[in-house]
Every structure is written in structure tokens, then in C-alpha cells.
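Protein chains in written order, with our numbering: chain U, 1 to 237; chain A, 1 to 424.
No lab work stands behind these hints, which were simulated from the structure alone.
Any given hint could be a false lead.
To be verified - Here are the simulated DSS-like pairs of lysine-lysine, each with C-alpha atoms no more than 27 angstroms apart in a straight line:
#: 1; chain 1: U; residue 1: K45; chain 2: U; residue 2: K56
#: 2; chain 1: A; residue 1: K363; chain 2: A; residue 2: K413
#: 3; chain 1: U; residue 1: K56; chain 2: A; residue 2: K363
#: 4; chain 1: A; residue 1: K413; chain 2: A; residue 2: K333
#: 5; chain 1: A; residue 1: K333; chain 2: U; residue 2: K59
#: 6; chain 1: A; residue 1: K303; chain 2: A; residue 2: K333
#: 7; chain 1: A; residue 1: K363; chain 2: A; residue 2: K333
#: 8; chain 1: A; residue 1: K363; chain 2: U; residue 2: K59
#: 9; chain 1: U; residue 1: K45; chain 2: U; residue 2: K59
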Amino acid sequence: MREMIISELSQALHAMARGFAHFLPRLIVMLIVAIVGWVVAFVAKVVLRSILRLVKFDKLSENAGASQLLAKAALPSATEMLSRFVFWVAWLGFILLGVSVLGILGLQEQVARFFLFLPRLFVALFIMFFGLLAASFLSRAALLAAVNANMPSPRVLSLAVRSIIIVFVLSIVFEELGLAEQTMLVAFGIAFGALMLGLAIAFGMGGRDLAKRFLEKKIVRGKKKEEEENEDEPSPL
Amino acid sequence: MKLAEESYLTDDFLRQLVNVGEVDILVGLPTHNNAQTIGSIVQTIQSGILRGFPRERAVIINADGGSRDGTRELVTGVSIDDVRPASNLHALRTLHSISTEYPNSPSSGAALRTILAAAELLRAKACAVLSPNSANIEREWISKLLSPIYRDGFDLVTPTYRRHKFEGLLITNLVYPMTRALYGLRIREAYSPEFGFSGRLGSQFLGQHAWNDGTEGAGVELRFTLAAITGRNLICQSFLGEKMHVERHAADLVPALRETVGALFSALEPDFPVWSAVTHSQSLPTTGADHEVILEPLRVNRKRLREMFSSGVAELESVFQSILSLSTLAELKRIAALGEEEFHYPPELWVRTVYEFAASYRKSVISRDHIIQALAPLFRGRAFTFLVENRNASEDEVENNIEGLCLEFERLKPYLLQLWESRE
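Using the sequences plus the hints, can you model the full thing?
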């Protein structure tokens with residue numbers, strides 16, 4: 001009996017030792033991959049940061065309005081943020097590659113999904129950045145045009161242009177990421193429809209008199225008034 | 001002629017130019033739907049050529065931007081025989097009138113390019129460009145613009161006009177003083193639709209100018225003048241008389257800013273080696289008056305100008321933060337809060353504003369076109385001050401005020417150089 005127990009224990013220990021002997025090289029490989037990954041990610045971060053500084057990415061980000069958002073959230077500059085993001089994505093990629101070497105069932109599938117998700121993440125970030133850039137440019141264009149045309153509430157108009165573009169961009173970004181596609185689609189439809197309906201009701205009901213005066217001024221007297229105003233401003237050239 | 005310019009002209013136009021041969025005098029006429037006035041203008045030009053240059057070979061080149069009102073037919077339909085009996089003038093040579101439609105949408109740049117290409121092909125010695133939007137072109141203008149080129153060896157003749165003291169405020173408050181301070185020549189009308197030039201200068205500009213730089217030729221007249229200055233060409237001024245527009249475009253301040261200030265700002269970067277070395281300004285040889293001012297009362301809505309300035313400063317604060325220094329912006333906000341009686345946009349602040357805009361334009365702190373648009377409300381504030389200052393001013397007082405502003409632009413030029421060289 002005693003011999004049997006010892007024999008079983010001995011077999012278990014041997015099996016464990018064999019298993020560990022099989023696992024140890026994989027663990028070492030994983031650690032090596034992780035360390036190499038850290039070095040590669042760090043180099044990628046430094047190189048990217050230098051390139052972004054060279055092309056004045058912070059200026060572009062400032063124009064897009066992204067820098068202001070980051071500053072409000074007490075986050076580092078756009079260059080630093082993007083560099084760090086690339087570092088972490090690269091390193092995480094290497095760690096997951098290392099983990100897949102361990103041969104743990106279930107993890108490999110998750111790793112594969114992560115790598116499949118990466119291109120979509122980059123495309124989403126790309127859309128987000130240029131969407132913000134477009135929103136900033138077009139809202140400023142609307143603001144300048146409204147101010148120079150002496151229109152009432154230019155900033156409201158500018159904000160409306162910016163908001164509509166950002167909502168539109170966000171809906172595309174979420175769709176690209178595959179996050180709550182249906183919810184985002186419905187939410188966008190509701191938000192956009194509500195905005196238009198709200199504007200229609202506000203203008204048609206709440207501001208009926210104002211609308212009447214506005215239309216009268218624009219359609220009936222607008223042209224005459226404009227001509228009079230032009231006559232009152234000397235030619236600049 | 002370069003192949004690029006040859007292919008730019010239509011085959012039919014090239015054939016007509018070949019039939020003309022070489023000419024001494026060329027008058028260019030850019031048009032777009034000017035049927036109402038073009039007939040009389042062509043007659044005036046013909047009369048001017050017959051009177052001033054009866055022995056010279058001459059041609060009128062009409063560069064049209066796609067008129068749909070028969071402008072081109074009117075240009076070619078005017079007969080020299082209609083002019084002769086009325087003026088008792090006789091040409092010893094054939095006077096040709098050729099019209100062509102350039103390929104792009106209507107623009108002064110495309111029209112000038114066509115005229116310059118034709119001038120080069122015809123080896124014209126002296127050329128002039130006239131605007132169909134000038135309501136009072138006289139036949140003497142032809143001699144005034146062409147004689148200094150043809151007979152005295154000048155390369156560029158810019159006009160001077162008799163103007164109302166409140167007309168052309170963008171010229172008197174920005175283009176003239178800044179061009180003078182930076183380039184060192186006191187050219188009153190560096191941006192004008194009427195000017196004369198030598199064939200040599202025309203060819204030089206045709207070859208060097210970046211015609212496809214995306215600006216669609218905005219402000220090409222000013223670029224032409226600046227190219228003449230930087231090329232060290234001989235320049236003079238000629239007094240043409242009163243300047244009257246066929247149509248008033250008072251509300252088109254932003255397009256006017258694009259054509260003048262935009263063209264000037266964009267020229268500053270390539271011209272830096274020239275203007276940075278200029279330390280003082282000098283006057284030009286001028287035929288006739290250097291300037292003349294009409295003083296009769298003019299109804300002007302000053303209140304609207306000040307209101308648009310104040311609302312512009314308030315609404316565009318976020319834009320100005322990218323363009324202006326903190327001290328300039330603070331000062332603008334201070335004067336924007338003042339009432340109509342106390343409001344004053346002093347010359348020094350105006351010059352600082354313009355120079356900071358020029359430096360921001362160079363650094364492209366935001367879209368360059370947005371920088372130009374943002375200047376419009378500030379210009380209205382400066383125009384208001386100019387109108388108030390000169391409400392009851394005599395001709396000399398108006399001139400003294402303009403001269404004072406010019407000297408301020410010259411005094412603060414080191415500030416622009418400092419901004420230009422700073423990295424911030």
C-alpha cells in the first residue's frame with residue numbers, strides 16, 4: 001500500500017516535472033518575445049515621436065481641435081499620446097504573441113481576434129482625427145462667413161456645424177469598431193431627427209413672429225436692404 | 001515661346017495671332033459679360049491708338065472668360081471706320097481686334113496669362129491692360145499708359161487716380177503703405193486693373209509666375225507689380241484722372257482682401273531677400289498728379305462699420321488667439337468695447353495687427369484663407385477711424401493722415417522682421 005502511494009506520488013512528480021520541463025522553454029520564449037517586443041515598441045515610439053515632431057503633428061492636432069480636448073482632460077500632447085499608444089499596442093501585440101507560444105487553449109483564439117481588430121482600430125482613429133480636423137475647419141469657415149455677412153449668432157451656427165460633423169464622425173467610428181452598431185445607428189437617427197424636428201418646431205412655433213419677420217426681411221425687403229447697406233459702405237478698392 | 005503657353009492658347013487664336021505678325025503696341029482687354037460697355041470702350045481704345053500711335057503696328061486682344069451676352073462679337077464688330085470720322089484720325093497701319101475665350105473659368109489671372117502669351121508671340125514692345133469695369137476710360141489713357149514704355153524705356157506704368165477721399169480705403173490703409181514700407185517704392189496703385197508694361201517685363205512674368213499655384217490668379221495685378229519691383233525694372237506712375245466703377249462692389253470686402261492682401265502676403269515669403277534688405281522708401285517718376293482727392297460729401301454708414309468690428313472681435317476671439325499676440329488682442333478687445341464717440345483704432349495698433357496677420361499667414365497657423373477672412377472685421381474698424389478722422393479734412397489733411405500711416409508702417413518694419421524670424 002505504502003509502496004503504491006509512493007509510486008503514484010513519484011509518477012505524479014515525474015509527470016509534473018515533465019510538464020514543467022515542456023512548459024519552461026515556452027515560458028522563456030514568451031519572456032524573450034516580451035522583452036524583444038518592449039525594445040521594438042520603445043524604438044517605434046521614439047522614431048514615431050521624432051517623425052511627428054518633424055511634421056509638426058501637434059500643430060495639425062491643434063487645428064483639428066484635438067489638442068484642446070486633450071488639454072481639458074489633462075492629458076499629454078497629441079504627439080506624446082500617439083507615440084505612447086503605438087508603444088502599448090506594439091508591446092501588447094508582442095506579449096500576446098508570446099502568450100500564444102504557451103499553447104494555452106482558448107487564449108490563441110483571443111490573440112487572433114486582437115490582431116484582426118488592430119487594422120479596424122487604426123482606421124477608426126484615422127477617421128476620428130480627420131473628422132475632427134474637418135469639423136474644426138468647417139466650423140471656423142462657417143463662423144467667419146457668418147461674421148463677415150453680419151448674420152446673427154455666428155457662434156451658434158459654427159457650433160451647430162461642428163456638432164453635426166462630430167456626431168456623424170462618431171457614428172462612423174463606432175460602426176468601424178463594430179461597437180453597438182445598431183444602437184449607434186438608431187441613436188444617430190434619433191439625435192439627428194430630434195435636432196431637425198426641434199429646430200423646425202422652435203423656428204415655426206416658438207419663433208413664429210421672428211420667422212415671419214426674418215422671411216419678410218430676407219425675401220421681401222432683403223435685397224433692397226442689402227443694396228442700401230452696400231451703398232453705405234465705401235468701395236474698398 | 002514656351003510650349004506650355006502655346007498649348008494654353010487655342011488653335012484658332014494662335015492662327016489669328018500668326019496672321020497679325022509682329023506688333024509695336026498691344027492693348028489687352030479682359031472681359032466677362034461686359035456687353036453694356038465694351039463697344040464704347042473698344043472705340044475709345046481705337047481712338048487712343050489712332051491719336052497716340054498712328055504709325056505703329058497695333059492690336060487689341062480681348063481675353064474673354066466665357067461671356068454669354070455677345071461681348072466677344074461686340075469687340076470684333078467695332079470697325080475702325082466708326083472711329084475715324086468722329087475723331088478725324090487716320091491710322092497708317094491696320095489696327096487688329098482679336099477676341100479669344102480662355103479655357104478656365106473667369107479670372108483675372110487666366111485673362112492676363114492669355115494677354116501676356118499673345119504679347120510674347122507678337123513680340124509687342126509696349127502693352128497696356130484696361131478694365132471694362134472702369135466706367136470712364138478716355139482715349140488719353142492709352143498714351144498715358146503706353147508712351148512711358150514705348151518712348152521713354154520704362155518697364156511698368158502704374159496709374160494714379162482722382163478718387164473720393166473715402167474710396168479705395170483698402171488701398172490707402174493697407175496695400176499702399178505696406179507695399180511702400182516693405183518694397184521701398186511709393187507706388188500709389190500697386191493693385192490696379194489698368195497698367196502698362198514692356199514686352200520684356202511681360203515675358204519675364206509669364207515665364208516666372210506660378211500660374212498653377214491653386215490661387216486661380218487672385219490678385220495677379222499686384223503680383224505683376226511686385227514682380228516688376230523685385231526684378232529691378234524701371235517703374236513710373238501716370239495720372240489717369242477720376243476712377244469710376246461701372247458697378248460698386250462695396251460689400252465684396254472678402255474677395256477684395258483675397259485679391260490684394262492675400263496676394264501681398266503670399267508674395268512676402270519668396271520676396272523676403274528683397275524686402276528684408278529695404279530700409280527706406282523712395283518716390284517714383286510720375287506724369288501728372290501723384291494723387292488727387294475729391295472732397296464732396298458721401299453718405300457712409302459708419303455705425304455699421306463699428307458694429308461689425310466690435311461683433312467681429314467678440315465672435316472671432318478664438319480665431320484671433322491663433323493669429324495675434326496677446327497684447328494686440330487685448331488692445332483690440334479694449335477698443336471694441338468703446339462707444340462710437342470714443343472709438344479710435346490707432347495707426348500703430350493697425351500696423352501691428354497687419355504685421356501679425358502677415359507673419360501668421362507665413363506660418364499658416366490656421367488655413368491661410370481663414371486668416372485673410374478674419375482680417376475683414378478689423379479692417380472695418382480701421383476704416384471707421386479713417387472716416388471719422390477725415391470727416392471734415394481737406395485734401396492736404398487726408399494726405400497727411402495717409403502719409404502718417406505710411407511712416408508708421410515703415411517705423412514698425414523691424415517688428416515684422418522680428419515676427420518673421422521668430423519660431424513661435
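So, going through the hints one by one against the coordinates:
In summary, the hint linking K45 (chain U) to K56 (chain U) is supported, as the alpha carbons are separated by about 16 angstroms, within the 27 angstroms threshold. Proximity of K363 (chain A) to K413 (chain A) is assessed by CA-CA distance (about 18 angstroms); at most 27 angstroms being required, the pair is judged to hold. Proposed proximity of K56 (chain U) and K363 (chain A) is supported: the alpha carbons are some 12 angstroms apart, at most 27 angstroms. For the suggested pair K413 (chain A) and K333 (chain A), the alpha carbons sit about 24 angstroms apart, so the restraint of at most 27 angstroms is met.
Distance check on the hinted pair: K333 (chain A) and K59 (chain U) sit about 26 angstroms apart at the alpha-carbon level, within 27 angstroms; holds. Taking the CA atoms of K303 (chain A) and K333 (chain A), the gap is about 18 angstroms. The hint holds against a cut of 27 angstroms. Proximity of K363 (chain A) to K333 (chain A) is assessed by CA-CA distance (about 24 angstroms); at most 27 angstroms being required, the pair is judged to hold. For a cut-off of 27 angstroms, the pair hint linking K363 (chain A) to K59 (chain U) stands: about 11 angstroms separates their Cα positions.
With a C-alpha separation of about 19 angstroms, the suggested pair K45 (chain U) and K59 (chain U) falls inside the 27 angstroms cut-off, and the hint holds.
Every hint from the earlier list agrees with this structure, and none is contradicted.
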